[in-house]
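J.: Sequence lines, in order, name chains E and C.
In terms of the numbering used here, the first sequence has 56 at position 56, counting the first letter as 1, and numbering is strictly consecutive.
In terms of the numbering used here, the second sequence has 7 at position 7, counting the first letter as 1, and numbering is strictly consecutive.
It is possible that some hints are incorrect.
Said to hold, decoys possible - Covered by chain C, according to a simulated footprint, are these stretches of chain E (three or more residues, beta-carbon under 8 Å): (1) 12-20; (2) 34-43.
Unchecked claim - Calculated cross-link-like contacts (lysine-lysine; reagent style DSBU-like; alpha-carbon spacing at most 30 Å): (3) E:96 to E:54; (4) C:24 to E:96; (5) C:68 to C:78; (6) C:78 to E:54; (7) E:96 to C:78; (8) C:24 to C:78; (9) C:68 to C:24.
Just so you know, these hints were derived from the structure itself, not from any lab.
Values in this document were obtained by computation on a predicted structure and should not be read as measured data.
Think of the CB as a built atom: it goes at the ideal place given N, C-alpha and C, for glycine as much as any other residue.
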Amino acid sequence: GIQVEQSPPDLILQEGANSTLRCNFSDSVNNLQWFHQNPWGQLINLFYIPSGTKQNGRLSATTVATERYSLLYISSSQTTDSGVYFCAVWGFGNEKLTFGTGTRLTIIP
Amino acid sequence: DAGVIQSPRHEVTEMGQEVTLRCKPISGHDYLFWYRQTMMRGLELLIYFNNNVPIDDSGMPEDRFSAKMPNASFSTLKIQPSEPRDSAVYFCASSTPWGTAYNEQFFGPGTRLTVL
């Protein structure tokens, strides 16, 4: 099946810093989602982005499907951004959503 | 919209007991998914339904697990008998089809199950 790798696995930043999280996938995908799992365990939708670029406040995402990767940008980090960020993809011919292993982001005040 | 609703939020039970987890999808969503999250295996899809019909249950770990969706607004995941290795967070998610299952999924808050 399709493999989804995220990097870095862990990231510790000072409040106010910017960060880029990467998601690589091993095959063509039908679609892609980014989630934030907050410290309370809730999975929050960030972006649904099969290709192109989307922005929502301090967050933006870019997916380059032809090169099999997606990037999540977080600007001016806040402590509430802490948690684990997951990338998940649907492979073609497969209706199952496959999750990456996540990037654990810790924002220090 | 209330979002996906799951109950209970926390469940502690003893090995051998039956456990039933419940989910109410977002109204109008035709796909419903059950996931399990553990430290060792991350997020895994267990089973999903389309229009109340189970489409793929290949992720269900063994016969002790069963899931039903008697109507469009309710689904259950049952474990009987439960074992300590079933301890995990179980998430329910739903999405609108628009012709495919490849649409944005919305997750419930999860049920944290501990089997002693």
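J.: Determine for every hint whether it applies to the structure shown.
T.: We went through each hint and held it up to the structure:
| no. | hint | in the structure |
| --- | --- | --- |
| 1 | 12-20 | violated (count 0) |
| 2 | 34-43 | holds (count 4) |
| 3 | E:96 to E:54 | 23 Å, holds |
| 4 | C:24 to E:96 | 20 Å, holds |
| 5 | C:68 to C:78 | 9 Å, holds |
| 6 | C:78 to E:54 | 39 Å, violated |
| 7 | E:96 to C:78 | 21 Å, holds |
| 8 | C:24 to C:78 | 15 Å, holds |
| 9 | C:68 to C:24 | 12 Å, holds |
Checked against the numbered hints given earlier, the structure breaks hints 1 and 6 and satisfies all the rest.
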